[in-house]
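Asker: Residue numbers (my numbering), protein chains in the order written: chain L, 1 to 407; chain C, 1 to 407.
Don't take each hint at face value.
Distance windows between CB atoms, simulated [said to hold, decoys possible]:
(1) C:Ala53 x L:Asp359: 26 to 34 Å
(2) L:Ala207 x C:Ala69: 55 to 63 Å
(3) L:Pro206 x C:Arg382: 33 to 41 Å
(4) C:Lys173 x L:Glu362: 52 to 60 Å
(5) C:Asp359 x L:Thr386: 32 to 40 Å
(6) L:Glu362 x C:Asp359: 52 to 60 Å
(7) L:Gln340 x C:Ala205: 35 to 43 Å
Simulated from the structure, these hints should not be mistaken for lab results. Fair warning: this is a prediction, and the values are worked out from it, not measured in the lab. Glycine included, each C-beta is placed from N, C-alpha and C at the ideal position.
Number of protein chains: 2
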Amino acid sequence: MAVNLPLPVAAELLPVAGLELGHAEAGVRKANRKDLLVLTLAPGASVAGVFTANRFCAAPVQLCKEHLAQGAPIRALVINTGNANAGTGEPGLAAARATCAALAELLGCEARQVLPFSTGVILEPLPVERIVAGLPQALANRAADNWLNAAESIMTTDTQPKAASRTVQIGGKTVTLTGMSKGAGMIRPNMATMLGFVATDAAVAPALLQRLLKDAADASFNCITVDGDTSTNDSFMLIATGASGVAVEADTPEYAALAEAVTALSRQLAQMIVRDGEGATKFITVAVEGGRDHEECRKIAYAIGHSPLVKTAFYASDPNLGRILAAIGYAGIDDLDVGQLDLYLDDVLVASGGGRHPDYQEADGQRVMRQAEITVRVVLRRGAATATVWTCDLSHDYVSINADYRS
Amino acid sequence: MAVNLPLPVAAELLPVAGLELGHAEAGVRKANRKDLLVLTLAPGASVAGVFTANRFCAAPVQLCKEHLAQGAPIRALVINTGNANAGTGEPGLAAARATCAALAELLGCEARQVLPFSTGVILEPLPVERIVAGLPQALANRAADNWLNAAESIMTTDTQPKAASRTVQIGGKTVTLTGMSKGAGMIRPNMATMLGFVATDAAVAPALLQRLLKDAADASFNCITVDGDTSTNDSFMLIATGASGVAVEADTPEYAALAEAVTALSRQLAQMIVRDGEGATKFITVAVEGGRDHEECRKIAYAIGHSPLVKTAFYASDPNLGRILAAIGYAGIDDLDVGQLDLYLDDVLVASGGGRHPDYQEADGQRVMRQAEITVRVVLRRGAATATVWTCDLSHDYVSINADYRS
Chain L
1 MAVNLPLPVA
11 AELLPVAGLE
21 LGHAEAGVRK
31 ANRKDLLVLT
41 LAPGASVAGV
51 FTANRFCAAP
61 VQLCKEHLAQ
71 GAPIRALVIN
81 TGNANAGTGE
91 PGLAAARATC
101 AALAELLGCE
111 ARQVLPFSTG
121 VILEPLPVER
131 IVAGLPQALA
141 NRAADNWLNA
151 AESIMTTDTQ
161 PKAASRTVQI
171 GGKTVTLTGM
181 SKGAGMIRPN
191 MATMLGFVAT
201 DAAVAPALLQ
211 RLLKDAADAS
221 FNCITVDGDT
231 STNDSFMLIA
241 TGASGVAVEA
251 DTPEYAALAE
261 AVTALSRQLA
271 QMIVRDGEGA
281 TKFITVAVEG
291 GRDHEECRKI
301 AYAIGHSPLV
311 KTAFYASDPN
321 LGRILAAIGY
331 AGIDDLDVGQ
341 LDLYLDDVLV
351 ASGGGRHPDY
361 QEADGQRVMR
371 QAEITVRVVL
381 RRGAATATVW
391 TCDLSHDYVS
401 INADYRS
Chain C
1 MAVNLPLPVA
11 AELLPVAGLE
21 LGHAEAGVRK
31 ANRKDLLVLT
41 LAPGASVAGV
51 FTANRFCAAP
61 VQLCKEHLAQ
71 GAPIRALVIN
81 TGNANAGTGE
91 PGLAAARATC
101 AALAELLGCE
111 ARQVLPFSTG
121 VILEPLPVER
131 IVAGLPQALA
141 NRAADNWLNA
151 AESIMTTDTQ
161 PKAASRTVQI
171 GGKTVTLTGM
181 SKGAGMIRPN
191 MATMLGFVAT
201 DAAVAPALLQ
211 RLLKDAADAS
221 FNCITVDGDT
231 STNDSFMLIA
241 TGASGVAVEA
251 DTPEYAALAE
261 AVTALSRQLA
271 QMIVRDGEGA
281 TKFITVAVEG
291 GRDHEECRKI
301 AYAIGHSPLV
311 KTAFYASDPN
321 LGRILAAIGY
331 AGIDDLDVGQ
341 LDLYLDDVLV
351 ASGGGRHPDY
361 QEADGQRVMR
371 QAEITVRVVL
381 RRGAATATVW
391 TCDLSHDYVS
401 INADYRS
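Pulled out of the complex, with its shape left as it was, chain L reads as follows (with noise of 0.2 Å):
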């Protein structure tokens, strides 16, 4: 059902040197499926993360920014699937400590030098001690090839597993970037998703990797939605491991090259989620232009993005526009003037003036709603601002998938 959304090529993840992902089978929540990974770190890599606005923020998460704020190196990430560990007060924190402290002591470090992730159900207690029985078996697999049975080890409600790789050349030699994310519902990041991970070799110190980390999250994973549900465990991480040999510093050609590949490749993981999202049967980016500031046109984009009347009618393939139009009008901007802004439907422009543009045809709205990829674009005129976000329709599947998880 996703859309336009290949499967990753096992042979076309890039190994990231100086990173290994071994995975297990731990029965967190099933049984014989792929529900736990263990990332190791060679000595000198650096981790950047951000994490969820979510006030009710999982146990991982904390101890996640409990553990980077400490300024150890980290040597290890391990993310179960099955269960989020989040709504588990105190228990669920005691059940995170656990985990790290035991990959912690196979690994001969500290457990401040462990970073652990969960997804998957939320309010149900982490069963611990089958995570811990299970890394032995991940720990023991581990290799720098092992990146697509990483992206389904992450697996929720995802159909498919998401990864991509690319390189660049920084200074005359060729950098490597590998990432994977998850993530199909109780999408819509505010930092980042529930779970995204890239890794690249070059050598990046802790702080520009974190506002790296941070300006690539803004342009990627913070643009996304499915359902307008933010997540209690959204992460976003970053590890340099520094193997190429080729170290970036701030506010050089060098780090202008990495951002725009980290970039790219956020953006692309995060188009994943949006592609796989729940139900999904169309990949509809919004793009608002022309805003006073670029506060305005998140707003109106993300009005556009969350309606539910206006999901269906790109669901049903209906160029019933006159939705887009009213979710515009409840974006929240008191000034706007809706007598001058123009809205396009891919190329055609369908209104103006406050009303139906002249020229339009329902014909020709009715192409554009019918293709899989759509574009909806929004002209303000009263600025040079600019704001996208990327979502999905909502369709009979949305309901299912949503009524019968956890059953």
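Take the given structure of chain L and dock chain C to it, following the hints.
Answerer: Okay, now just chain C, sitting in the frame of chain L:
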């Protein structure tokens, strides 16, 4: 499919002296369907209105505001279904003016003494000639006891008409109130819903009537949501004909009695819209208490009431209550301590201390979730403010209705 919403009985809808209602089949969008309604008022009536905050407010909403601001006594209201006359620019405004002028000529009054209302599809030209042609038929069958036909005349995706009456004793005399509403989708009123009308035979001066209406709207139509989409045409009108001879002044026990009756009737009409929400199978009350102020309670109540994940869980009768915690967490209350709050499902304490309550049994949650009417209660424990929102679940039928509407 409506939830606990009995059909109104014509004999139980009390005439309001000084007000008559006439309907017609004008063929606005489809033939052989009541789609035009005229309300005429005896001299001396006061009329107050609250309208949508949507910037794309429809032409009739603009004209209603203009006519009310001019202060001439209102003599008639005219309502068509089948077309919202929204997103129609200057031609739409001209069409609404033409409708008012035509009815004014038939009644021998001025156009500014007529208030127009439209509901239906957005972004299509209003077939004003068919509406004008239907006016004589509507005037011809005017009667005071015509409320049931009137409520049927304003339906769109409603599955049944919505109307109710009550009486209240004021100063030893009986005051009558009758009202009607319509709406099932694009429901997240911000001022009032699309459309509500309440009439009483009490005598209330216009300024006081406006205050009474605003207070009633804030406690009724402004507390409901079906899909979070604020309509372009929301209008809620209060009419006081004065025909009972009971005059009501500000800050008197009589005012309090009338305000209580108007608010109760408005709440009943607003809840009818939720009970008949598109695809609704459950009626959900979200009550947030113990907040620092009303606004933070309201934000949390709407975050829960709008979450597609929460709404599909209700549809499935699945006590997947972590989704409610996640919605509370992203409601935008930055300093909320989630470890302090309690979450109840009816009388069942589900979560406290940031996680599942130790005594909570899934069977208890399951029992409540199977009910047709459910109260979600959130106790914040940080103040004395409260807010209540009424909403419904998100079902397959919501998608079907909105994917098929128009086609």
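Asker: If a hint holds in the structure, say so; if it doesn't, say that too.
Answerer: Hint by hint, here is what the structure shows:
Range check, C:Ala53 to L:Asp359: Cβ separation about 31 Å, and the 26 to 34 Å hint holds. Separation of L:Ala207 from C:Ala69 is about 58 Å and conforms to the stated range, judged on CB atoms against 55 to 63 Å. The hint said 33 to 41 Å for the Cβ distance between L:Pro206 and C:Arg382, and at roughly 37 Å that hint holds. Taken as a hint, the range 52 to 60 Å holds for the pair C:Lys173 and L:Glu362, whose Cβ atoms sit roughly 56 Å apart.
For the pair C:Asp359 and L:Thr386, the beta carbons lie near 52 Å from each other, so the given range of 32 to 40 Å is not met. Taken as a hint, the range 52 to 60 Å holds for the pair L:Glu362 and C:Asp359, whose Cβ atoms sit roughly 59 Å apart. Distance hint check: the CB atoms of L:Gln340 and C:Ala205 are about 39 Å apart, consistent with the given range 35 to 43 Å.
The structure does not agree with numbered hint 5 stated previously, though it agrees with all others.
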